[in-house]
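Enquirer: Sequence:
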Amino acid sequence: MRSDPYSEMLGMELLDIEPGYSRVSMVIRDDMFNFNDLPHGGAIFSLADVAFAAASNSHGIVSVALNMEISYLRSVPSGTRLLAEATEEHLGRRTALYHITVKSEEGDLIASCHGVVYRKKAKLLES
Numbered sequence: 291m292r293s294d295p296y297s298e299m300l301g302m303e304l305l306d307i308e309p310g311y312s313r314v315s316m317v318i319r320d321d322m323f324n325f326n327d328l329p330h331g332g333a334i335f336s337l338a339d340v341a342f343a344a345a346s347n348s349h350g351i352v353s354v355a356l357n358m359e360i361s362y363l364r365s366v367p368s369g370t371r372l373l374a375e376a377t378e379e380h381l382g383r384r385t386a387l388y389h390i391t392v393k394s395e396e397g398d399l400i401a402s403c404h405g406v407v408y409r410k411k412a413k414l415l416e417s
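For the sequence shown, position 100 (counting from the first letter as 1) is numbered 390 according to the numbering used here, and the numbering increases by one without interruption.
Treat each hint with caution, since some may be false.
Label-pair distances were calculated between CB atoms; the ranges are [claimed, not checked]:
1) VAL317 <-> TYR408: 15 to 21 Å
2) GLY332 <-> SER394: 15 to 21 Å
3) GLY382 <-> ASP321: 37 to 43 Å
4) LYS411 <-> GLU298: 25 to 31 Å
5) GLU379 <-> ARG319: 29 to 35 Å
6) HIS380 <-> HIS330: 18 to 24 Å
7) GLY331 <-> GLY397: 19 to 25 Å
8) VAL354 <-> GLU298: 36 to 42 Å
To be clear, the hints were calculated from the coordinates, so they are not data collected in a lab. We put the CB at the ideal spot given by N, CA and C, even for glycine.
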C-alpha cells in the first residue's frame with residue numbers, strides 16, 4: 291500500500307493486510323480529545339476508515355468509499371491502544387461491503403461500522 295500522511299500523523303500502524311481484510315492500530319492521545327474531555331469521534335472514525343480503505347484496496351483495484359456508517363459504543367481514556375479490524379462481507383464486480391470493528395486491546399467494543407466501496411477499473415499503484 292502507498293504511504294498515507296494522514297494516518298501517519300495520527301500514529302496509525304498497519305498490522306495485517308490480506309485480500310479483503312486488514313487490522314490497524316492507533317493509540318488515543320490527549321490531543322485527540324474534544325471539548326467534552328472524550329476522544330473525538332472523528333479520530334475513532336479515521337481509524338475505522340483507514341482499516342476499511344486498506345481492506346477494500348487489498349485486491350489491487352482502486353476502491354473508493356460510497357458510504358460508511360458508524361455506531362459509537364463506549365469511550366476510552368488517553369493512552370488506550372485501539373485496534374480496527376475490517377472484514378469483507380461481499381465482493382462484487384463494482385461494489386463491495388465491509389464490516390469494521392474498533393476494539394480496545396482488552397477486547398472491549400468501542401465502535402462498529404459498515405462501509406460500501408465502489409471498485410474502479412484502475413489498478414492500484416504501488417509506491
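Enquirer: Now, for every hint given, state plainly whether the structure supports it.
Expert: Structure-based check of all given hints:
no. : hint                          : verdict
1   : VAL317 <-> TYR408: 15 to 21 Å : violated (32 Å)
2   : GLY332 <-> SER394: 15 to 21 Å : holds (18 Å)
3   : GLY382 <-> ASP321: 37 to 43 Å : holds (39 Å)
4   : LYS411 <-> GLU298: 25 to 31 Å : holds (29 Å)
5   : GLU379 <-> ARG319: 29 to 35 Å : holds (31 Å)
6   : HIS380 <-> HIS330: 18 to 24 Å : violated (30 Å)
7   : GLY331 <-> GLY397: 19 to 25 Å : holds (21 Å)
8   : VAL354 <-> GLU298: 36 to 42 Å : violated (20 Å)
The structure is inconsistent with the numbered hints 1, 6 and 8, although it conforms to all the rest.
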